[in-house]
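> Model the full assembly from the supplied sequences, consistent with the hints where possible.
According to my numbering, the sequence shown is numbered sequentially starting from 18.
The set of hints was computed from the structure by calculation and includes no laboratory data.
Accuracy of the hints is not assured; some may be wrong.
Derived DSSO-like pairs (lysine-lysine); straight-line CA-CA distance at most 27 Å [claimed, not checked]: (1) Lys-387 / Lys-433; (2) Lys-351 / Lys-620; (3) Lys-387 / Lys-400; (4) Lys-433 / Lys-620; (5) Lys-413 / Lys-400; (6) Lys-351 / Lys-395.
Pair ranges (Cβ atoms, derived) [unchecked claim]: (7) Arg-453 / Ser-211: 41 to 47 Å; (8) Arg-134 / Lys-444: 54 to 60 Å; (9) Ile-545 / Arg-302: 48 to 54 Å; (10) Glu-204 / Asp-305: 30 to 36 Å; (11) Gln-574 / Thr-110: 37 to 43 Å; (12) Ser-211 / Ile-101: 35 to 41 Å.
Just so you know, these numbers come straight off a predicted model, no measurement behind them.
Every residue gets a Cβ at the ideal spot worked out from N, C-alpha and C, and that includes glycine.
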Amino acid sequence: MSISPFNPSILSAIPAFAALTSGELEAIAANVEQEEIRRGEILVREGDPPEALYFVASGRFSVQARHAADPLAEIGPGQPVGEIGFFGGIPRTATVRALRDSHVFKITKDGLEHVTRSFPHLRDAIIRSLANRLAETNRFETQPLIPRTVAVVFAGEGAPSQRFLALLGEVFVARARTLFLTQRAIEERFPGSSLEAAEISVWLNSLEVGSEFIFYVADPTPTEWTRKCIRQADVVLLVAASTAGTGINECERLACSLHPPAARRLVLLHEARTDVAKGTAAWLRERDVAMHHHVALQDTVDVERLYRFLSGRAVGFVAGGGGAFGSAHIGIYKALQEIGADFDIFGGTSVGAAMTAALASGIDVHNVDKGTHNIFVKHRAFKRYTLPYYGLVNHKVFDRALRAEFGETAIEDLWKPYFAVSTNLSKKDIIMVHRRGPVWEAIRASSSIPGLLPPYFSDHGEMLVDGGVVDAVPLTPMKALKTGPNVVVALPTDVPATYDVNYHTIPSLKEAILSALNPFTDRKAPRIPSIAHVIIRSMTANRRQDLPLTGTDLLVQPKLPPDVHWFSWERHTEVLMCAYREAAAMLRAGLAEADPRVLAVLKAAKADNRRRLTPTLPGNEEIAPIPAAAANARDTASGPDTCEDATRAAASP
Numbered sequence: 018m019s020i021s022p023f024n025p026s027i028l029s030a031i032p033a034f035a036a037l038t039s040g041e042l043e044a045i046a047a048n049v050e051q052e053e054i055r056r057g058e059i060l061v062r063e064g065d066p067p068e069a070l071y072f073v074a075s076g077r078f079s080v081q082a083r084h085a086a087d088p089l090a091e092i093g094p095g096q097p098v099g100e101i102g103f104f105g106g107i108p109r110t111a112t113v114r115a116l117r118d119s120h121v122f123k124i125t126k127d128g129l130e131h132v133t134r135s136f137p138h139l140r141d142a143i144i145r146s147l148a149n150r151l152a153e154t155n156r157f158e159t160q161p162l163i164p165r166t167v168a169v170v171f172a173g174e175g176a177p178s179q180r181f182l183a184l185l186g187e188v189f190v191a192r193a194r195t196l197f198l199t200q201r202a203i204e205e206r207f208p209g210s211s212l213e214a215a216e217i218s219v220w221l222n223s224l225e226v227g228s229e230f231i232f233y234v235a236d237p238t239p240t241e242w243t244r245k246c247i248r249q250a251d252v253v254l255l256v257a258a259s260t261a262g263t264g265i266n267e268c269e270r271l272a273c274s275l276h277p278p279a280a281r282r283l284v285l286l287h288e289a290r291t292d293v294a295k296g297t298a299a300w301l302r303e304r305d306v307a308m309h310h311h312v313a314l315q316d317t318v319d320v321e322r323l324y325r326f327l328s329g330r331a332v333g334f335v336a337g338g339g340g341a342f343g344s345a346h347i348g349i350y351k352a353l354q355e356i357g358a359d360f361d362i363f364g365g366t367s368v369g370a371a372m373t374a375a376l377a378s379g380i381d382v383h384n385v386d387k388g389t390h391n392i393f394v395k396h397r398a399f400k401r402y403t404l405p406y407y408g409l410v411n412h413k414v415f416d417r418a419l420r421a422e423f424g425e426t427a428i429e430d431l432w433k434p435y436f437a438v439s440t441n442l443s444k445k446d447i448i449m450v451h452r453r454g455p456v457w458e459a460i461r462a463s464s465s466i467p468g469l470l471p472p473y474f475s476d477h478g479e480m481l482v483d484g485g486v487v488d489a490v491p492l493t494p495m496k497a498l499k500t501g502p503n504v505v506v507a508l509p510t511d512v513p514a515t516y517d518v519n520y521h522t523i524p525s526l527k528e529a530i531l532s533a534l535n536p537f538t539d540r541k542a543p544r545i546p547s548i549a550h551v552i553i554r555s556m557t558a559n560r561r562q563d564l565p566l567t568g569t570d571l572l573v574q575p576k577l578p579p580d581v582h583w584f585s586w587e588r589h590t591e592v593l594m595c596a597y598r599e600a601a602a603m604l605r606a607g608l609a610e611a612d613p614r615v616l617a618v619l620k621a622a623k624a625d626n627r628r629r630l631t632p633t634l635p636g637n638e639e640i641a642p643i644p645a646a647a648a649n650a651r652d653t654a655s656g657p658d659t660c661e662d663a664t665r666a667a668a669s670p
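Shown next as structure tokens:
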């Protein structure tokens, strides 16, 4: 539906128009329509003629083609819709549907022609901007879009937490242009108006253009305001006290009916931080969400982590496979800790899955090294050979050693998010990302080197083997979960070598037995690589090198002693210290040279105090936001004291 005219300056928030003069913006505004698209409505349909070009002012859209089972992409604020058909003169190539209540700018071919007659260079400027945007989206990875609007919906059977809202306000207000809206604020600004009124939509849109975040705080019941909050949101936070009943309430049902799992996050509140949480599985059993977060109400630490996830600044640690080289991960982590780096999420393959599980559990470097010694040196988990019917190694020893170190802790109960990667030989989608279930089982599946250990079998009968078979350094799964900088550790493989072996002298089983039983033979069995050695060589022969690195990803490839190999577990501490020294030197050099990758990891971990304001909770209702720098908004040095003050400031001419 079309809505009233708007201030041309709002167009400057669209990248294609950002460099235009005020006169050019006014000319475009005179030929642009503003439309409101309700959640679920179709903006353009595949196969239709390309009658107009759209730009998303606020909201979010999914792109779906007939031949594809899953959406091809999501389109967010500032991005164009329908540019291929519009400029190419071909029918629409996909259907674009609103994922939430959205606003778009629409310009027809006649409108564009009218503007470009006065400003001939405008068409080229728009096309150039669109080409840059297309190049950005055609990179290696597809990362989650950063939300602009967030609905806070209280979940489960407990009461809303005013303490969480206060912490949320304290963190976000200090770090970004943020507004918190409640029904009372809208009623005071628009007394007697329906929430569906066009004037409210225009006003909310103007706020969104100038704000980095808008939080819509829903009512405890499914009121019209709650519905509005959910429909306006890019992401829904389902917030619950961890000790409350896990039953799904009516507000949650509404949110889940309107938003796909990718747009839902579960936030479980705890009075105090503990080593691991309890009972998370019961919450996740009834809720399909993109990610869950544990938040202790004792301070702002966990809400700051939530801020980094929502703002696209979460720092990841990605650990690759590599056998006994795996202790290098811990040395590199130690060096990063010493310069102030902190990590929000961990993920790994094979030995990297084990090391990152320990780090996500909060285990310090010394005890991770001690655990490595227990598993691989004390218990000799990879050197207990057995009859090679299911595998060369007695997997029971490895299983017991893993359980002794990690117990029955569930992945979902770890305070920080964690995943492990295995190879699923039972499905077409061969990469399996473990984000729930016992930690030790995920490590066991991710470390099931084919032939050396029996495969791990899931409760659903899936046959799982070592993740390094298909993804030795799981950066792609990490980028599918979050946006932001990553430290990526790619471990070395054994040094390439040739072998002085005469193939024809390799004995048959009969010859080997007779030779072993004959004490008088002077023929020695040829020294050839062991079965385990061949298996490892085969796994790493075609290791992927095309990691989807971006400018904020710090790739670390440690150089280790040349005589260390995949099974040199007794040298774990030496490997750790060697990697630590090398990483420490690399990081010092990176800081001295202002390496943007090193700085990105450190900057994301540090609080941005550019606007430190302390929110208040007047009457258990509102949280004090900073004033939005929206169109026609007034900014002040100190900021408003209540949500209503911010509402008035944002609407002031």
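> State for each hint whether it applies.
Okay, the hints, checked on the actual structure:
{"no.": "1", "hint": "Lys-387 / Lys-433", "verdict": "holds, 22 Å"}
{"no.": "2", "hint": "Lys-351 / Lys-620", "verdict": "holds, 18 Å"}
{"no.": "3", "hint": "Lys-387 / Lys-400", "verdict": "holds, 18 Å"}
{"no.": "4", "hint": "Lys-433 / Lys-620", "verdict": "holds, 19 Å"}
{"no.": "5", "hint": "Lys-413 / Lys-400", "verdict": "holds, 12 Å"}
{"no.": "6", "hint": "Lys-351 / Lys-395", "verdict": "holds, 24 Å"}
{"no.": "7", "hint": "Arg-453 / Ser-211: 41 to 47 Å", "verdict": "holds, 43 Å"}
{"no.": "8", "hint": "Arg-134 / Lys-444: 54 to 60 Å", "verdict": "holds, 57 Å"}
{"no.": "9", "hint": "Ile-545 / Arg-302: 48 to 54 Å", "verdict": "holds, 51 Å"}
{"no.": "10", "hint": "Glu-204 / Asp-305: 30 to 36 Å", "verdict": "holds, 34 Å"}
{"no.": "11", "hint": "Gln-574 / Thr-110: 37 to 43 Å", "verdict": "holds, 40 Å"}
{"no.": "12", "hint": "Ser-211 / Ile-101: 35 to 41 Å", "verdict": "holds, 38 Å"}
Consistency note: the structure conflicts with none of the earlier hints.
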